[in-house]
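Single-letter residue listing:
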Amino acid sequence: MTDRTSVTITVNGISLTGLAEPRMLLADFLRDELRLTGTHVGCEHGVCGACTVIVDGVAVRSCLMFAVQADGAEIRTIEGLATDGEMHPLQKLFAKHRALQCGFCTPGMLMTAIDLVDSTDDLTEEDIRVGMSAALCRCTGYEGIVNAVAEYAGKVHGKEGVR
Amino acid sequence: MNDDVRKQTGGYIGQSVPRREDRNLLLGQGEFVADIQLPNMVHAAFARSPLPHATIGDVDTEAARAVDGVCFVASGADVCAELPPINGMQVVTPQGWRDRVDTDILIPDQPLVPEDKVRYVGEAFALAVADSRYIAEDALELIEAELIPLPPLAEAETALATGAVLIHEHLGRNVAAFLHTKKGDGAAAMDACPNRLSRRFVHHRYAAMPMETRGVVAEYDGRTDTLTVWSSTQIVHWVRREISTALDMPEERIRCIAPDVGGGFGGKGHVYPEDILVAWLAKKLDRPVKWVEDRHEHILNAAHSRDNIYDVEIGFDDDGRILAVTSSFLVDSGAYTPVGAGIAGNSIAHMLGPYDIPHYETDCKIVLTNRTPNAPYRGAGRPEVGFAMERAVDLVANHLDLDPAKVRFRNMIPADAMPYEVGLTYRDGVPMVYDSGDYPEALNRALDALGGLDDIRARQKTALAEGKYLGLGIGCYVEGTGVGPFEGASVKIDSTGKIMVAAGACPQGQGHETVFAQFAADMWQVPIEDVFVTVADTGQVTQGYGTIASRSTVTASGAIKIASDTVQEKAFAIAANMLEAGETDLEMRDSGIGVKGVPDMHVTWRDIARAAKPGWDNQRPDGVEAGLESTSYYEPPTVTWAYAANVALVWIDPETGQIDIEKYVEVHDAGLLVNPSLADGQVKGGLVQGLGGGLLEELAYDDQGQLLTGSLADYLLPTASDVPPIEVVHMETPSPLNAFGVKGLGEGGAIAPPVVIANAVCDALRPFKAELNSTPVRWGDVANFFDGATA
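Listed in order, the protein sequences are those of chains F and U.
Numbering of the first sequence is given in the numbering used here, commencing with residue 1 and proceeding in unit increments.
Numbering of the second sequence is given in the numbering used here, commencing with residue 164 and proceeding in unit increments.
Do not rely on the hints blindly, as some may be mistaken.
Each pair of labels, with its calculated beta carbon distance range [unchecked claim]:
hint, chain 1, residue 1, chain 2, residue 2, range
1, U, 229, F, 56, 39 to 45 Å
2, U, 332, F, 69, 48 to 54 Å
3, F, 57, U, 578, 56 to 62 Å
4, F, 69, U, 384, 39 to 45 Å
5, U, 821, F, 14, 29 to 35 Å
6, U, 232, F, 158, 50 to 56 Å
7, F, 57, U, 620, 52 to 58 Å
8, F, 57, U, 629, 47 to 53 Å
9, F, 64, U, 869, 25 to 31 Å
10, U, 186, F, 56, 42 to 48 Å
11, F, 14, U, 250, 46 to 52 Å
12, F, 86, U, 776, 36 to 42 Å
13, F, 158, U, 608, 36 to 42 Å
14, F, 64, U, 617, 51 to 57 Å
Capping the alpha-carbon separation at 30 Å, the derived lysine-lysine pairs in DSS-like fashion look like this [said to hold, decoys possible]:
hint, chain 1, residue 1, chain 2, residue 2
15, U, 826, U, 624
16, U, 655, U, 724
17, F, 159, F, 92
18, U, 655, U, 569
19, F, 92, U, 661
20, F, 96, U, 826
21, U, 661, U, 569
22, U, 569, U, 345
23, U, 733, U, 759
24, U, 826, F, 159
25, F, 155, U, 826
26, U, 776, U, 724
27, U, 661, U, 733
28, F, 96, U, 661
29, F, 155, F, 96
These are calculated hints, taken from the structure and not from any lab test.
Glycine included, each C-beta is placed from N, C-alpha and C at the ideal position.
For reference, chain F alone in the conformation it holds in the complex:
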């Protein structure tokens, strides 16, 4: 077995250390070493977006990044969205708009949406559809997801919905 090295990342504000082979994917490190299984792995080739997490402020596919590359990084995952058991506004909107069925894509959807809304203050519905196309959902047909993200974008940027 290849030697394992120590990797320390700050996940949702908490510094965590684990051991990783150089080839270990960040997704596997989060899930298997740190036991944060909220981040899901859907394709392992960077297409489906289920494993999306926010690394140093940018949404990334954790299946396309090695754990060792994330050493010292600040990472935000789905487990960090709620505070004191109170769901994040986007989580509530996902429930309201029926934006999930099986829920497998949901962690990646939420992180993709948060990155999209946080990084752009003037989103049209078309922008949201294009932005959210970074993550695949097989159940819902996306209507609820787009509606939830649109309402969230409106709230964050102080507008009545989106153009």
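For chain F, the structure is supplied; the task is to place chain U on it using the hints.
For chain U alone, coordinates are given in the frame of chain F:
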């Protein structure tokens, strides 16, 4: 009428109750198979064939065994020495179907890991178990296997050719089943038809492609000789049955659980070799074993679907009345056919759709090839046959220069003809009777949602005058839903008075826990919070069937009702004893039972549950057994018939062939809607899968049997930006066949889109007499109609 039904039942049924499933999933606290981690657990991985058809020679596993961290390696010969193949007939058809449909069926068993030959790209020929999946995959790299190529049977027609090599030698042929049936005079009626058209229709291969791949975790407890298996499956009781058979263990010593399942859509609707192998490994190694499929492996190895060729003839009069239909079709089953004749049986039963057609004859060959096994995927035989039939209806209209919508109205079964005897037999063995509905009204409403037929045709004319191409696509279908044989449910009132419901259904995102709680809350007249629902756990319901075939709302509600009725009968007897009243004077109210008209005389379910307990000082009347619980089974008399009309307006770019869907409408009727919002989500999700299948998704093989689309970068799933504006309109004609008037709706959405798109494109390109008779509908093919042509 529907409001009356709702009033009778209490109040939750019919409401868009929020999902109880959402919270865990939103917080990242769901538990999928891949999330399960057990002490001392090891990881399995499979070596899979790169060749479609090959004899297996020497398989050398020595080097793999020597890898640090590897605890077990097995070749196919090692596996076959200990385990029997999985039964080829996971679904048995009833005698009534075999009596009425001519069948000649030879379904091959499937070796769990073959020792003699591999039959498709992706079939396992060896496995390794190690401390991590990384190490297990390292070990696979070191397995030296001699695979001696055989001629590939790359597609159905190759496999049928004279002199073709046999894929399963012992069968003596490459056909798993011949099926034949007819209605009226069948093909003989064709001679009398004033007009006849013949065409070949091809529905390509695509697949369920859930976002969670398959996966299995198993743990064996030697002390109690019990196995616990967590599988990402739609059918936990089948998995238990097949493990029991393979390992020769009593079913009751095996507990199979489907935890959160990340989509299934039929692709997880039968037992796979890995379900059994992982259980076997856990027992053999006496360690928990996990296997989670990667996406490439899923695309190669999880069941594919569709892949049919139809040769259809349609006979009709000068008014467009369809008099006779014949079809001869091939199902490319791939190397094994785990659900047997189920898909083809559906196709045979659904060809006539919502139309009153007096004569029909069909025959089918289910052909074994060197492709990945073909099993039901959302629609299961209906999208395929629907494509052929609904294209044919449009061709009839074109031939007579009639509007395709009007030809449909002329042939549709009117509402006053319900219930309508079709003259065929469903695969549950029962003569088909469409139970209720108004098919023409559905199409009317659908067209209205696009502005009405006259308006659509006027817009189309204007567009054409401007050199633009606008088309109307129509696709109608009926769908047998809620099929048997049965579903099981257990209902208990525990000593706190809470209602405990468990059902054999295995959801993958449908929201069963919520829906079943709605049913039970109304049946027991309690707040929904007092109902606790467990699904997908063989430890909770002795016999169950599972969530496939648009069946769980119908069948599980039936089982919950029978179990509840049984328990309530007892509860009334005990309450009568407690209240010293006659049972006829009692009524259910306020989370318990009370004397009619006497508010104070009331006992709660908690009171009654305690009174029902075994032991001293119980309050049961003589002859009433202790306990308030029942496990019951609902055996539906036959299927309920959902139906829909789908229409779409599409624009075609003459330069590129780009297809731009202006609006897609489905008017759908699944009887009484238990949770309208969830129903809406099911239909819309299905529609988008159907659009994906019609336009984007393709499991393409080359002529050597190699799959060319082995990643999600090649196999294109619809994204948020691919989805057109969609409107779903629900009609609610109750089914007369069950207590709640419900029908199934999980699959319906996926049935019509491919043909709606094809019909819309052909309608837009009528000036070119364009015909698109195969899927997927490719822009390039559309653009070709413009080359050198003038409108």
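**Request:** Tell me, in ascending order, the numbers of any earlier hints that this structure violates.
**Result:** When the structure is compared with the hints, numbers 5, 10, 18, 21 turn out to be violated.
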